[in-house]
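Residue numbers (our numbering), protein chains in the order written: chain G, 7 to 322; chain E, 6 to 262.
Honestly, the hints are just simulated from the structure, not real lab data. Beta carbons: idealized from backbone N, C-alpha and C, even for Gly. Any given hint could be a false lead.
What the hints assert, rightly or not - Distance condition first, Cα-Cα at most 25 Å in a straight line; then the derived BS3-like pairs of lysine-lysine:
| # | chain 1 | residue 1 | chain 2 | residue 2 |
| --- | --- | --- | --- | --- |
| 1 | E | K124 | G | K143 |
| 2 | G | K225 | G | K143 |
| 3 | E | K220 | G | K225 |
| 4 | E | K220 | E | K124 |
Said to hold, decoys possible - Here chain E is said to cover these stretches of chain G; the calculated rule only asks that three of the stretch's residues, wherever they fall, bring their Cβ under 8 Å from a Cβ of chain E:
| # | stretch |
| --- | --- |
| 5 | 81–93 |
| 6 | 223–232 |
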Amino acid sequence: MNPSYSVIFFTTASGTGYGLLALLGVFATAGWLPADPWLGIVGIGAALALVTAGLLSSTFHLGHPERAWRGLTQWRSSWLSREGVVAVATYVPAGLFGIGWVFLGDTGGFWAACGLAATALAALTVGCTAMIYASLKPIPRWSNIWVLPVYLLMALAGGGVAATLLFAAFGSGPHWTGWLAAGALVAAWAAKFGYWGSIDGAAPRSTAESATGLGGIGKVRLFEPPHTGTNYLLQEMGFRVARKHAQKLRRLALLSGGAVPAALCAITAISEPGWPGTLAAVLAATSFGVGIVVERWLFFAEAEHVVMLYYGAEAA
Amino acid sequence: MTSLPANPSDTKLGLVIDLDICVGCHACAVHCKEWNDGGHSAPLTDHDPYGSDPWGVWFNRVHTFEAGEGADSRTVHFPRSCLHCDEPACVTVCPTGASYKRAEDGIVLVNADACIGCKLCSWACPYGAREYDDVDGVMKKCTMCVDRIYNDNLAEADRVPVCVSTCPANARHFGDLGDPSSEVSQLVAARGGYELMPEMGYAPVNRYLPPRPRKVSAGDTGAAAALTPVDHSGDVGVPEIGTGSRLLDWVDRMLSR
């Protein structure tokens with residue numbers, strides 16, 4: 007599948023934003039969140055800015071962005087519509103949570119409950135995003151049971167890294183957030199390894215024989231494509247990444263999006279409050295940002311669509 | 006509403022494509038393009054139409070496959086278009102309600118006025134039936150010539166999809182595949198018509214008729230059942246012929262690399 011940069015930015019930025027929002031809601035409920043309004047402005051502000059930038063970016067690839075509101079109507083059948091509805095709904099408790107924290111200096115009681123509601127809706131939104139992909143049977147590498155846990159855990163890990171940076175920069179909040187981030191990163195990449203193992207070992211779901219129904223005659227191969235030039239299908243679904251490059255990029259993603267930020271977050275957790283820990287957290291966030299984009303790019307680039315069976319692919 | 010119709014009628018309008026007699030002339034694809042460029046989903050935008058690298062929106066594409074090996078292999082021309090599935094995920098994934106399956110006849114259509122151009126439906130289709138028009142910013146697809154088949158202004162014989170009426174080999178048939186007594190249903194039953202990629206679970210309505218088994222006997226023509234391969238063992242081979250010019254020979258070698 008052609009990796010569309012607006013969608014990669016959307017899923018990574020909003021995923022991280024929802025992860026941060028979810029963690030802040032849980033921390034408020036547990037009473038671990040300092041009621042410092044400046045921390046609130048930057049914390050809720052960063053979470054909602056990431057979410058909003060991602061959501062806006064996702065409308066850039068639409069043919070008719072001005073009709074995007076119509077996408078909220080078919081939640082009964084469509085995961086994309088559900089994602090839109092839940093994403094919009096998340097702003098309500100998240101906004102209230104932010105008002106309590108920033109303007110009233112209160113992160114407990116009702117405002118904490120709003121935070122917890124935002125946590126639940128943030129998780130639901132990321133879950134809906136994952137289900138958009140996981141429900142697409144024609145793309146076997148997406149309709150895989152690991153897709154949902156990977157999306158949820160990557161969002162949690164991104165939120166953990168962001169929270170580590172936030173608390174380190176303010177010198178407040180639970181000092182062990184770095185350990186939480188490191189743990190979430192390990193869990194997320196363990197799930198990603200499960201995903202890679204699953205897609206690498208999977209038997210093809212469809213073949214050129216089942217796509218044409220000509221398998222009874224023998225092995226099927228494309229003799230002549232229907233058109234000499236390109237078309238929408240080849241541009242959108244014909245994208246392939248060389249296996250050699252995919253393996254290198256997987257290692258890069260793991261290193262930059264997993265190992266390096268996990269180590270740096272652990273350094274932040276064991277450092278005394280001060281600039282070294284904050285610097286480690288800044289580097290962790292930067293490294294994670296690169297790694298998660300590579301991970302998400304690969305998620306698209308490695309996915310093969312069964313329609314390519316009509317264009318010369320043997321199995322998908 | 007992108008949920009599937011709750012109470013669909015038994016009518017399932019669809020195409021039956023006979024792979025035994027399709028000659029791969031692409032007339033169905035071209036006439037489809039011509040009709041639909043002025044029909045329900047018009048225009049079918051082209052890029053660089055008179056240039057060196059033209060491409061654009063088509064609803065019908067004719068692929069050619071080879072199956073089998075050696076003397077037993079077959080070349081099969083394979084028209085591909087929307088199969089108007091009974092379980093069309095392209096419809097249910099649509100977030101806006103633009104994609105829908107008609108309750109009365111099962112035709113899958115796009116309401117271009119409601120489409121936001123998110124392309125998710127094209128990802129959800131295993132058969133490549135949907136092509137995005139990046140000039141209109143909406144998704145387009147085969148309409149089963151819905152603007153012909155119910156059109157009282159046309160002679161009754163012409164109220165079929167153009168791909169069917171234009172086929173010079175009579176390889177395409179149109180009818181109600183939900184009615185077991187219809188001509189198309191009986192054709193499917195008689196010829197062992199099948200659906201594409203049944204493992205996807207989309208329950209396509211269109212059916213493909215397989216190529217008939219090859220005749221192995223030569224009948225009573227007196228011809229041999231198979232030709233005897235020419236014996237090349239005594240060939241002396243073709244002598245190396247130069248052009249007489251060392252420069253041209255060098256150019257020939259360079260170009261032959």
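Hints versus structure:
1. Taken as a hint, the E/K124 and G/K143 pair is honoured in the structure, with Cα atoms around 15 Å apart against an allowance of 25 Å.
2. Taken as a hint, the G/K225 and G/K143 pair is honoured in the structure, with Cα atoms around 24 Å apart against an allowance of 25 Å.
3. Using a Cα cut-off of 25 Å, the hinted pair E/K220 and G/K225 holds, with the two alpha carbons roughly 20 Å apart.
4. Taking the CA atoms of E/K220 and E/K124, the gap is near 46 Å; set against the 25 Å cutoff, the hint is violated.
5. With 7 residues carrying a beta carbon less than 8 Å from a beta carbon of chain E, the stretch 81–93 of chain G meets the three-residue requirement, and the given coverage holds.
6. Figure legend: the stretch 223–232 of chain G, annotated as covered by chain E; annotation consistent (10 residues with Cβ-Cβ distances under 8 Å, at least 3 required).
The earlier numbered hint that this structure contradicts is number 4, and it is the only one.
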